[in-house]
Each structure stands twice: as C-alpha cells, then as structure tokens.
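Produce the entire structure from the sequences given, and follow the hints as far as they go.
If you read the protein sequences in the order shown, they are chains A and B. With the numbering used here applied, the first sequence corresponds to residues 1 to 534, in that order. With the numbering used here applied, the second sequence corresponds to residues 1 to 301, in that order.
Hints in this document: simulated from the structure, not taken from any laboratory. On a predicted model such as this, the values are computed, not experimentally measured, just so you know. Some clues are possibly wrong.
The calculated DSSO-like cross-link candidates involving lysine-lysine, where the alpha carbons are at most 30 Å apart (straight line), are [as the list claims (entries may be wrong)]:
| hint | chain 1 | residue 1 | chain 2 | residue 2 |
| --- | --- | --- | --- | --- |
| 1 | A | 376 | B | 133 |
| 2 | B | 133 | A | 371 |
| 3 | B | 65 | B | 54 |
| 4 | B | 133 | A | 385 |
| 5 | A | 23 | B | 133 |
| 6 | A | 375 | B | 133 |
Okay, the calculated bits of chain A under chain B, using three or more residues with CB under 8 Å as the criterion [unchecked claim]:
| hint | region |
| --- | --- |
| 7 | 9 to 22 |
| 8 | 109 to 115 |
| 9 | 121 to 135 |
| 10 | 254 to 268 |
Every residue gets a Cβ at the ideal spot worked out from N, C-alpha and C, and that includes glycine.
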Amino acid sequence: MANQPNYQTGLIFRFLFKREVVKLLVWIVPIVAMTVTIALAFNGLYETQEERQALAETMENPAMKALVGQGYGLDNYTDGAMLAHQMLLMTAVVVAIMSMLLIVRLTRADEEDGQLEMLRALPMGRLAQTNAALFVLVITNIVLMLITAVSLTALGLDSIDWAGSLLYGSVLGTTGLFFGAITLLAAQLSDNTRGTMMLGYLVLGLSYMIRSIGDSGNELLSWFSPLGILLGSEVYVNNYWWPILVIVLLAIIIIALALYLQQIRDVGAGLLPQRSGRKAASPMLQSQIGLALRLLRTSLIAWIIGMMLIGISYGSVLGDLEAFLGESEALMEIIGASGDMSITEQFISVLLKIMAIFSTIPALVVFVRLKGEEKKGRLEHLLAKPVSRKKMLGTYLGLSFLTSIVMMLAGIIALAGIGVTVMDVDISFNTLVEAQLVYLPAVWILIGFATALYGWCYKWSGFIWLYLLFSFLTVYLGDLLDLPSFILGLSPYYHIPELPTDQLSWVVMVVATGMALLLSLLGFLGFQRRDIET
Amino acid sequence: MKVLEVKQLTKTFGKVQALDGVDLAVNKGEVYGFIGPNGAGKSTTIRILLGLLKPTSGFARLFGKDAWEDAVAIHKRIAYVPGDVNLWPNLTGGEVIDLFLKMRGVRVDQSRKARLMEQFDFDPTKKCRTYSKGNRQKVALIAAFAADADLYILDEPTSGLDPLMERVFQQCVYEAKKKGSSVLLSSHILSEVERLCDRVAIIRQGEIIESGSLASLRHLTRIQLTIATKEVVPDLDSQPGVHDFKIENQHYVFQVDADQLDEMVRYVSQYGVVNLESAPPTLEDLFMRHYQGSTSGGGGQ
Ligand SMILES: Nc1ncnc2c1ncn2[C@@H]1O[C@H](COP(=O)(O)OP(=O)(O)OP(=O)(O)O)[C@@H](O)[C@H]1O
Ligand SMILES: [Mg+2]
Numbered sequence: 001m002a003n004q005p006n007y008q009t010g011l012i013f014r015f016l017f018k019r020e021v022v023k024l025l026v027w028i029v030p031i032v033a034m035t036v037t038i039a040l041a042f043n044g045l046y047e048t049q050e051e052r053q054a055l056a057e058t059m060e061n062p063a064m065k066a067l068v069g070q071g072y073g074l075d076n077y078t079d080g081a082m083l084a085h086q087m088l089l090m091t092a093v094v095v096a097i098m099s100m101l102l103i104v105r106l107t108r109a110d111e112e113d114g115q116l117e118m119l120r121a122l123p124m125g126r127l128a129q130t131n132a133a134l135f136v137l138v139i140t141n142i143v144l145m146l147i148t149a150v151s152l153t154a155l156g157l158d159s160i161d162w163a164g165s166l167l168y169g170s171v172l173g174t175t176g177l178f179f180g181a182i183t184l185l186a187a188q189l190s191d192n193t194r195g196t197m198m199l200g201y202l203v204l205g206l207s208y209m210i211r212s213i214g215d216s217g218n219e220l221l222s223w224f225s226p227l228g229i230l231l232g233s234e235v236y237v238n239n240y241w242w243p244i245l246v247i248v249l250l251a252i253i254i255i256a257l258a259l260y261l262q263q264i265r266d267v268g269a270g271l272l273p274q275r276s277g278r279k280a281a282s283p284m285l286q287s288q289i290g291l292a293l294r295l296l297r298t299s300l301i302a303w304i305i306g307m308m309l310i311g312i313s314y315g316s317v318l319g320d321l322e323a324f325l326g327e328s329e330a331l332m333e334i335i336g337a338s339g340d341m342s343i344t345e346q347f348i349s350v351l352l353k354i355m356a357i358f359s360t361i362p363a364l365v366v367f368v369r370l371k372g373e374e375k376k377g378r379l380e381h382l383l384a385k386p387v388s389r390k391k392m393l394g395t396y397l398g399l400s401f402l403t404s405i406v407m408m409l410a411g412i413i414a415l416a417g418i419g420v421t422v423m424d425v426d427i428s429f430n431t432l433v434e435a436q437l438v439y440l441p442a443v444w445i446l447i448g449f450a451t452a453l454y455g456w457c458y459k460w461s462g463f464i465w466l467y468l469l470f471s472f473l474t475v476y477l478g479d480l481l482d483l484p485s486f487i488l489g490l491s492p493y494y495h496i497p498e499l500p501t502d503q504l505s506w507v508v509m510v511v512a513t514g515m516a517l518l519l520s521l522l523g524f525l526g527f528q529r530r531d532i533e534t
Numbered sequence: 001m002k003v004l005e006v007k008q009l010t011k012t013f014g015k016v017q018a019l020d021g022v023d024l025a026v027n028k029g030e031v032y033g034f035i036g037p038n039g040a041g042k043s044t045t046i047r048i049l050l051g052l053l054k055p056t057s058g059f060a061r062l063f064g065k066d067a068w069e070d071a072v073a074i075h076k077r078i079a080y081v082p083g084d085v086n087l088w089p090n091l092t093g094g095e096v097i098d099l100f101l102k103m104r105g106v107r108v109d110q111s112r113k114a115r116l117m118e119q120f121d122f123d124p125t126k127k128c129r130t131y132s133k134g135n136r137q138k139v140a141l142i143a144a145f146a147a148d149a150d151l152y153i154l155d156e157p158t159s160g161l162d163p164l165m166e167r168v169f170q171q172c173v174y175e176a177k178k179k180g181s182s183v184l185l186s187s188h189i190l191s192e193v194e195r196l197c198d199r200v201a202i203i204r205q206g207e208i209i210e211s212g213s214l215a216s217l218r219h220l221t222r223i224q225l226t227i228a229t230k231e232v233v234p235d236l237d238s239q240p241g242v243h244d245f246k247i248e249n250q251h252y253v254f255q256v257d258a259d260q261l262d263e264m265v266r267y268v269s270q271y272g273v274v275n276l277e278s279a280p281p282t283l284e285d286l287f288m289r290h291y292q293g294s295t296s297g298g299g300g301q
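Okay, structure coming up:
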C-alpha cells in the first residue's frame, strides 16, 4: 500500500491525451502524407530500371551518404530502397523532434510552470504524470508506425510491400520512442524546459553527426549512433529487425533510469547542480541588448558549437568526395564530361545551402525569444519601464541579424578550414567563405518575415518554422522530385547565385536585402499598434 | 491527537540552508497559524509536508504516516491551496475544479460546490488563461473546500483576494473547523491569522522562534497603556519593563512588558489613577518584535 508510485496514472493519462491529441495529429498527418506523396512521386519519376540505376550511382557518393545514410540494394535499385534512402533518415529526425517536444510539454514544462505541484499535492503517485506521458509517447509512435505502414502498403507498389513498410514505420516509431526516452532523462537532469530541450537536441545532433561521419568514411563509427543503428535495418531490401530490438531495449533502460531518478528527486528540481547567480546586475545586463544577450547566452554558445560541428563533419566529407570521384571514372562518364570540378562544386553548393538553412535556425530562435518573453508576461515589465516598443523589437531584430552572420561564419570557417586541408582541388578558403556568405540576404528575408508575422499576427508567428521547413525541403528534394521552378522559387535560398559556378549578382543581393528590410519595417508598424499579449 | 507532526526538520538546497531544525505539531480540530518573514521557510516546510520535497534530515508525519513515503495515502485526506496557483491555460476553471475533485477521490456535494462558486462570485466557464490572479486562487479554494478533508494545508491562500472574498474564505475555514477538520494556515495577513487561529508558530531563517496559543504568546509581549494620575508619577520612564515612554495631553503613554504589568499598576496606583486605558498587543506588535531581529529594548515603531 505504502508509496504507490503509479497511483492515478490512468486518470492523468486520459487528461494528457485529451490535451495532446489534436497537436499530435497535426504532426502525424503531414509526416505520413509527405512519406506517401514522395513514394508516389518517385514511382512516377523514375519509371525504368536505368533511371533508377542512375540514381543508385549517386548513392555511392560520400556526400550523399553523409546526408542520407549508406546505400544498400543498389544492384537492383527499387522504389522501396529509393524511398528509404532519401526519406527515412530525415523523417526519423522529424519524428524524434515531435517526440522530444511531446515529452517536454507533458513533463518538465508542467513542472516548471507549477501545474505539477498542484497535481502532486493531490492523491497521485510520484510517477503518475511521467507514466502517463510515456503512454502518450508510445501510443503516438505506434499509431504513427501503423498508419505509415498501412498507407505505404496501400499504394500497391511492387517493392513497397507490407513487410518493408511495417519496418519502415517501426524505424520511425522506434526513433520517436528512443528520443522521447532521452528527453525524459534530460528532464530529470535539468530543472527547466529550455535546458531539457537543449540536452535532447544535443543527443540528436551528435547522433546525426556521428552517423554522418561514419557513413561517409569509417563505417564502424555509425554503430555508435542510434540513428546509424536504425538505418542498419536496410528497409525494403533486407528488412533486418534486430536494430529495432536493440534501440527499443536501450530506450527501456533509459526510461527505467529516468523513472528511478524521477522518484527520488524533489518536485521542481533538476539533478544537475545549479550555480548561484550574481548579486547585482552587471552594467552589461542593464542595457536592453545586455539583457537579451544574457537570456540567450547559453543557447547561442551551444549553437555556435553546433554550427562548427556541422561544418567540420561536412568539411571532412569533401575529402572523401574527392577520393571517390577520382576512383569512379565510370561514374564520371555517366554523368558527363563536365569534369570533376563541377560535380564537387555541385555538392558543395548543396551543402552550403543546407548550412545556410541551419544557420537560419538560431537567428530565428533569437527573434522568437521575444515572443516567448511576451507570452510569459515578462515583456510587460520591460515595456512598463521607459523602454519603447521600437527599441524592444529593434534590439531583438538587430541581435537576430547579428546571429545570422556569426552562425554562418562559425559554420563555414569550420567547413572551409577542414575542407581545404583534405581536398586538393584548387578551391580556396576565401571562395568557400564567400560562396556561403552570399546566402545572408536569404536568411534575412526569413528574419524579416518573422518580424512581420510577429508584428501583425502574433498567433501565427510560428508559421515561420513551416516556411523554413518548406525551404529546406525544396533544397533537399527539389532535384529528386523535379519540382517546377515556380515552387522552388518560393524559397528565398533558391534565388541566391551558387558562387563558384554562377556569377555573383549584386542585383539579387540588393533586392533580397531590401525585401528583408521592408518586411522588418512592416513588422515594426504592426508591433506599434497591436496589444501586448499576456 | 496529533494530525501533523514535524520534528527537527532540515532542508538544504545546495548551499542554502532553508530549514534548520523545525518542530511543529497540529492537533485534531485545530487551526494553526504559520507566520514568518519572506524566505523564512514556510513554503519549504509545506512542500515537505506534501511530499514534494524530500527532507534532508528530521521527519514529517501526517496522520502518523511519513510525508514522503506515504504521500498518496496522506493526500487522500488533505486539501492544499498554494499562494501561486498555476493552471492549464486551455482548460476552463470549472474543468480544473472537477479534475482536482475527481483526483481527490472524494464524494462531491454538487450543491455545496455551486454554493461556493456563488459565494466566491466565480465564473467557471472561462479559460484559465483569462483569469486574474484572484480568480485563479478561487479555483484552488473551491476545489479544496467543495469536499471535506481531514487537514487543509493553506499557503498564503488569500494573496490576491479582495476583502469581500477574504471574508468568504474565513467563513470556509470556520465551517471546516466546526466539522472537526484541522487547518495549517501560512499567511502574511496577521488580522486573518489572529481571527482564525488557535495556535501560532513564528518561523525565521528556517527556525521556529516562537510557538503557542495566541494568549500565551501575548503573554510574552507588551501591553500598551495610557494613564492619567492626580499627582506626577516620579521616574515612571525608568521603571522596569517600561518602553516607548511619552507624555501626550497630560497622559502617560507607554508600553510595558506583560510580566511587569502587575508591578507597574501597583506603582502608579499610589499616585491616584484617574484614567487607565490598556490595549492588548496585536499579533502585529508581536510579529514586529520578532521580525526585526534581536533589536530589543525600544521596540520598533
Ligand atoms: N528550490 C530552491 N533552491 C534554492 N533555494 C530555495 C529553493 N526553494 C526555496 N529556497 C530558499 O529557501 C528559503 C525558504 O524559502 P520559502 O519559499 O520556504 O520561504 P517562505 O517562508 O515561503 O517565504 P514567502 O513568505 O516569501 O513565501 C529561501 O531562502 C529560499 O531562497
Ligand atoms: Mg512562501
């Protein structure tokens, strides 16, 4: 009788489930819809075996492996293998993020905001909320797994059979379970939502990176990443189930550890030690910029390190790419006589575009923080003091622009630094840096867009993330799917000249920067006249 | 019979010593006041009682059960109202009240719930996001008082209530007491504590520095006297136990230590007392003396 840690789990589960079900559908439906659409598109676009074999050749490319994972089943390339290569890893990362956000919302966020204290004072077991959150996580991922498997099978494509599709769905669901478990553990360590998410993203980022370096070079390394292990299931070709088993077991161990920690710790506390803060505000903190910087310090540092790591892992791929292009003269002939230089450059330009999109994320994170401050009611305090709205918005906007430059530099310096040492083509450090920095105006357009949304339709300002995701997808899938240029053109990154090959066009730069400024200005106008939300 | 018993309780957060050997005991049917300055350790003690924090040493027992180990069993018999009520922005107040009551697993008297909502002038159909501080407080109060509990643990339950609502709250506590429930009430509103509580404990810097019935605590303090006499009383201001001495409109106005009162009255009566008014010390006087640290003598006005 004593100490019933699971008491009332059922009731809490129903409560949480009702709260989350709509949000979860908003994630699951697009994920499945995208998977199905892409499978159909591949089937339509690559009809003959030759067309598919040509695509199989690109899977030998280390840059490609770094991006999407190792190729398999390339001798007889099927729609299924193609789908798994191009989509599985990326979708798994999305499912991981969905699961991480889910767990944080249901555990640490409620604890940080104080609702858990109210609940735990009621007759409720110490683990009830955590158990319930885990049930929601498991059900969500099982539903995702089944819907994915059934929808893919229902397409009736030869190579996309039930056995493969069930495994495809299971890889997605297992990824969700694993990263949900990691986040639950992180929620025991950190005493706040932001720290928990940061730990979670750190593990996800490292998993991706280790796999990326492993897949493009030292294959042994990939087995040290949960993502690498899961891709080892070779969906639609060999259909190995053991990776699922391994990761599920790991997840269970992590969950057990998290539950144990949950049971012995204080409500509201984290297990990582807290430093005590300063007694008085440093002169830095007393300015607007200083305050904003202080609030963002940890995540900015984390992002700079993250960008450099991405830069390093992509930079090291460039060397493998060289070696690969040297070896496979056959491939050169297939692709055409345009010379190895242009192929390297072609891959470099894809990598640079992806890096540009990555560095947009922290810039937007900085800006979106303003919305977070407003939502938590802290903006009120500041605006009640003699701080004008213009200055407030200007501070965050300025920081956001600055962040975009710093992040892009951090990434490209790492990439180019490693790249030029491992590559022996004459592509200079400066050329690479220049080729990257031309993407800044595109990033700024997104920041401007975010400002305009924030100023005019506060409720919809999260839309900016969808726009960024869309831009990413056009880069990632644009060529594969042969998307028409009017769709590609909706992404600002599309219009930026790809430098070593294309000419630098000042007109594009100026127009893009102008647009970004115009959008920002629009945001200011809106922010001046709307209510502050609480 | 003791409903709640705390012995030598300590709690440290890293290097911060929040509690340093707290002793408390609440009897059945008693309303117990728990007062002390900001950061003294009231909420920390209460969180330990609720099994939300694990004590560093010492023990906390409710109904003879351990606060940490038997939290679930204990919580079936208590109701808690915190000072800061945080709710789910997307649920209505009515939904939250029902959730809390359902979790408590008690039989809810619907008419009593409805009556409370009416008395507190509370609209249960609005989303929690839109409630003011006082209205969020009402959600917790209604969920607590809509069903009987053996022990009510209230941590500044009226911060944010207007005086009218404050009175409704006091009525709720009276009724609970009448039914034989016990109450632990932490509050900064001393008039409220004075009106409701049978016994009081004062905590400062994690230590209980005074506890007992209000009457016995008053005994420890000073009484305000205003006296007029026929003849001049010599050396009145240097008599033992006299503080804050002044003369206003030919009246002597001063405070006297409670244990010196007898001596004092004997002394002045020799000079022909024509008027004597005495005011009992308020809890506030008592409190001020303790809050202001070890400064004794001149009191703290
Ligand atoms: N999680 C924590 N980490 C570190 N210190 C804490 C923590 N919780 C409380 N404290 C410290 O413990 C002491 C007691 O705090 P507590 O909240 O119990 O005070 P209180 O008496 O309720 O004050 P108030 O009247 O302001 O509500 C304070 O010094 C506080 O700073
Ligand atoms: Mg308190």
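Given pair status - residue 54/B, residue 65/B, alpha carbons within 30 Å: It holds: about 14 Å lies between the C-alpha atoms, which stays within 30 Å.
Do three or more residues of the region 254 to 268 of chain A come closer than 8 Å to chain B, measuring C-beta to C-beta? holds (count 5)
Would you mind confirming whether the straight-line C-alpha gap from residue 376/A to residue 133/B stays at or under 30 Å? holds, 14 Å
Per-stretch coverage check for the region 121 to 135 of chain A, three Cβ contacts closer than 8 Å to chain B: holds (count 6)
Taken at face value, is the distance from the CA of residue 133/B to the CA of residue 23/A at most 30 Å? This hinted pair holds, its Cα atoms lying about 28 Å apart.
Hinted pair residue 133/B and residue 385/A, Cα distance within 30 Å: holds, 22 Å
Proposed proximity, residue 371/A with residue 133/B (alpha carbon, max 30 Å): Distance of about 22 Å is within 30 Å: holds.
Taking 8 Å as the C-beta cutoff, is the stated coverage of the region 109 to 115 of chain A by chain B satisfied by three or more residues? Held - the region 109 to 115 of chain A has 3 residues with a Cβ nearer than 8 Å to chain B, which meets the minimum of three.
For the region 9 to 22 of chain A, does the count of residues with a C-beta closer than 8 Å to a C-beta of chain B reach 3? holds (count 3)
Against the 30 Å threshold, does the CA-CA distance of residue 375/A and residue 133/B hold or violate the hint? Within the cut-off at roughly 16 Å; holds.
In summary, this structure violates none of the numbered hints.
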